[in-house]
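Chemist: Chain by chain, the residues run as shown.
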Amino acid sequence: MKRVIAIILCLTLVLSLIGCTSTENSSSTKNKEITILMYGSPYEEFGAAFNTYKEKFERENGIKVKFDAIDTENKMRSKLYLKDGPTLIYIGPWEFYGNFVKTGIALKVDDKLKNYAKIYDSIKDENGYFVPIGMAHYPVLLNRRVFEKLGIEEPGLDWTREDYFRIREKWLDEEPQNFTPFLFKELIGNVMEELEIYDLENNRINIDKSKMIEYIKKLKDELHSGRYILNDNYTFENYYKMFFEIRSEEYKKVREMVSYNETNSIRRQFYAKNALNSLGNSLEMDVREHIILPQVIDKFNELVLWGFVVNKNGKNIDLGLEFLNGLLSDEVQLELFKKKRDYPVNKDIEDEIEKIEKDNNVNEKSIALRKYVLSKIKSGDYKSLNSYNDKYLIIDSELTRNIIKFVFADKDYTDEEMVKEIEKFENKLNMWLNE
Amino acid sequence: MLKKIRKSKGFLFILPSLIGFSILYIIPFILGLRYSVSRSGFDNTFVAFKNYNDVFKSNAFNLALKNTALFMGIAIPLIIIISFILALIIYEINAPKFIKLFIILPMAIPSGTVAGFFRKVFGTGGFNLINTEYAMIVVVLIFIWRNTGYNLIIYLAGLSQLRKEIIEASMIDGANYFQRLWHIIIPLITPTTVFVGIVTIINSFKVFKDIFILQGNYPNPKIYMLQHYMNNKFRDLQYEKLTSAAYVFAAVIFVFAFLLFYFDRKHARKVGES
Chain A
1 MKRVIAIILC LTLVLSLIGC TSTENSSSTK NKEITILMYG SPYEEFGAAF
51 NTYKEKFERE NGIKVKFDAI DTENKMRSKL YLKDGPTLIY IGPWEFYGNF
101 VKTGIALKVD DKLKNYAKIY DSIKDENGYF VPIGMAHYPV LLNRRVFEKL
151 GIEEPGLDWT REDYFRIREK WLDEEPQNFT PFLFKELIGN VMEELEIYDL
201 ENNRINIDKS KMIEYIKKLK DELHSGRYIL NDNYTFENYY KMFFEIRSEE
251 YKKVREMVSY NETNSIRRQF YAKNALNSLG NSLEMDVREH IILPQVIDKF
301 NELVLWGFVV NKNGKNIDLG LEFLNGLLSD EVQLELFKKK RDYPVNKDIE
351 DEIEKIEKDN NVNEKSIALR KYVLSKIKSG DYKSLNSYND KYLIIDSELT
401 RNIIKFVFAD KDYTDEEMVK EIEKFENKLN MWLNE
Chain B
1 MLKKIRKSKG FLFILPSLIG FSILYIIPFI LGLRYSVSRS GFDNTFVAFK
51 NYNDVFKSNA FNLALKNTAL FMGIAIPLII IISFILALII YEINAPKFIK
101 LFIILPMAIP SGTVAGFFRK VFGTGGFNLI NTEYAMIVVV LIFIWRNTGY
151 NLIIYLAGLS QLRKEIIEAS MIDGANYFQR LWHIIIPLIT PTTVFVGIVT
201 IINSFKVFKD IFILQGNYPN PKIYMLQHYM NNKFRDLQYE KLTSAAYVFA
251 AVIFVFAFLL FYFDRKHARK VGES
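Just so you know, the protein sequences line up as chains A and B, in that order. Read in order, the letters of the first sequence are residues 1 to 435 in my numbering. Read in order, the letters of the second sequence are residues 1 to 274 in my numbering.
Do not rely on the hints blindly, as some may be mistaken.
[Claimed, not checked] Facing chain B, according to a computed beta carbon distance under 8 Å, are these residues of chain A, among others:
#1 Thr12
#2 Leu13
#3 Arg77
#4 Lys79
#5 Tyr81
#6 Tyr228
Rather than coming from a laboratory, the hints here were simulated on the basis of the structure. No experiment lies behind these values; they were computed from the predicted model shown. Where is the CB? At the ideal position from N, CA and C, for every residue including glycine.
With these hints in hand, go ahead and build the complete structure from the sequences.
Modeler: Here it is as structure tokens:
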């Protein structure tokens, strides 16, 4: 009897094990389709050129290109655990692909795509996993009226971050301005470099406490220098909402204020035209109030790339690669430019782009801006988000949160309390880095 | 045949439970082993012991292992001693039932309330221990406060099973209370102590919940436990590291449990001989 029970148990185990193991040849593999996994809604993300190509590809190959839009990272990962999972993974403009490479999801494709060689060398993924399709550079839009009022000379294309801050200082000295998170974030935009807290080589956080305390005190002094109009009734909670909760009244109020108060502001905050697409921004250049210059304030807007990685466990990988190869072709890439939003990553079509600019009488300033930005990209001066360590960005955002906590606290932290809090923050990050 | 079935009917009764145990514990255990030697949950490439090597190289894992061992090394013997002493007092003085109730009550209090109370007492404004290098004391206190009642009940059951005639015989022989305790009660209660030990080891993992509520994913490094490490790996879906750490942890627990059983057997033989 014991033997019978042992056999029943073994059989149950074997059957359950088989049941738990996913089969490689599911019926979906036979379907001629490729799936693109992505966050959010595909129709907002992709431009018209992409959709036209998609339809053409579907027609010519008799297959379906499907989008699988999901809203959480966990859902995305569970999809990637499938044996015949999605073929391609869309990497949006502010998304990282490093983790897909590290965990072995991404397939090395540089030697599998004929048109990969056409991509600008400076934006190629050095390990050959990511396939960029389009790129952008979001410029700074300054207000000419303010320049005239202050009697400041307009900067040229080769202006710097320091130039911007010199202009900003004069503008704030002239008349106090309403405080906004955007103005504050400009101040701490280089905090990682200034405080040098991340030792990339040893993967450690080392915070010089006195330097950080000094930095926070300087920020507080700046905030209470009389150059900003602060809401006296605001507590830390209000400021927190203003910075981080986009559905809060505080955030909405500030956004509204920034949007409607552009005539007096030095800079238009919500300007999202691609400086590389001269066709798309040509008309903007002629607006009298606008001075459009290369991005020098937010380094993450200098080179924005979007593209795909191929899922090693995906279905119909060959078709997926063919699809990507087509997206990199001269024809589709040129179409991207013509649709006035993205800029091609294909370096072989520069002459055609110039021709289009000439045929469409594109503004000379737009062309100059495009050429300037492109030269910076080619020389590697502008780096995309993915060139930064993904940990760098998380540390940056955590540091920003902590600085905001200290600067806007209802009751000032003493130096001793600040040291304790900074130590806590340092320990937390070091544990996370060393896990 | 009928005779055979009758003889083994006990096995038939436990068969459903055995099947459930096999499916819910043995299969995940086997599948987990596969994860621990794969490149990642997404990539089955065999990497041998690389993940184990990475886990041992991780400063966070070593810190967690050290803290967990320290916690178990201090808290488990301490709670066993305290619950035994309390049980003995209650047993000897025949304490009223409501005293037992008060000692058991902390088990029923939700973790959130416990964490809130301990934060108030030992956090900023109170004794200010949670953020210092003595934070482990707070964790040990939470653990003892919460779990003493459970152990106490087991000990009371064990004490009530003691054969009175042996104790009475020793009294006639002139043994004083401490001699009786040392030479009769403690040896006879050892099987209960082994059981309490195992239950306490299992319960000691639950202290993570209280620390997590108190200080989140990354607490004061002095109270960063193995469960924090594993929980964070689970959050990041790094199953290969999670399973490797879990097997290391399981191996340590097996060794502890084995040692407890070994001493219990040795002791039983000794008691049997005398």
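Chemist: Which numbered hints are broken by the structure, listed smallest first?
Modeler: 4, 6
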